[in-house]
Amino acid sequence: MDKTQDLAFQQIKTRRVFEEICEQIRNRLSSGALKPGDKLPAERDLAVEFKVSRPAVREALRTLEISGVVSLRKGVKGGAFIRDGNPAILTQSLQDLMFLGSVSLRSLAEARVLINGVVIRLACERASEDDFRALAENIDFIESSEDLQHRANAGVMFFRLIARATRNEVLMMLVDSLGDIIRVVIDRTGRVARPELVAVRRRILAAMKARDADAAIHEMNDYLAVVHLGIDIGEPVIEVVKPGRTVAAVAKKAANTRHVGAKPKAAPASRKAR
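Just so we're on the same page, my numbering is the position in the sequence shown counted from 1, plus 870.
You may find that some hints are simply not true.
Stated by the list, open to error - Only pairs whose alpha carbons sit at most 20 angstroms apart, straight line, appear in this in silico SDA-like list of lysine to any residue: (1) LYS947 <-> ARG928; (2) LYS905 <-> ILE952; (3) LYS905 <-> PHE951; (4) LYS909 <-> ARG928.
If you're looking for bench data, these hints aren't it; they were derived computationally from the structure.
Could you build the full structure based on these sequences and the hints that come with them?
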């Protein structure tokens, strides 16, 4: 089939012309006529082909840029280029919805628990010795590092390595997105060291090596219970993540102690001091 025919656009007939332009470009993506790295015609050429004004084309391209579909580059070799898939767009969208109040932190935490359960089960089936080795090295680094930020970065990588073991790119994106959002919340509320979680990570890895998905999921639920207790999600996440081991119980006791001993009138002053 002639590629020029695949790329032929139709005259715009709707009132919101920029939306129709976006839709036609997305249709070219879905059909395979456009691929990552392809350069779209110049703005003036698109305006002629669509039979619309250049501002309408410009608005469409900016909309597609915000959506992560195209990259707009300046200069002699600039223009509108089809981007590679960018999972960060999913993270930003969910994060914006949470800050706008459309999605609760509790719902995100609940989704994280459920998705990680699926990920762990699949990783137990598909993980290779290289995956286990990478996870072991990750845990060793977390245990040996005294830098809180480095430990946090390695903690994110721990989840990413487990997701990578599933060989499923969609699950990898979901794990990354939900983990990044929770991390933003933790950073804003104040990060604290949790050396007790190293042992939980090792139990997760041991269960994975044994291909014992139920045990690995149980340990992961305990892990997430501790992490989620460190942030205010409004109410318990879901029944499956109720703390069931000493580590989670200790964290819960510490959290309760902080709430009981807190002095409401002194809180604003301490926040200002920070």
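* To do: Please write out, lowest number first, the hints stated earlier that are contradicted by the structure.
  => none
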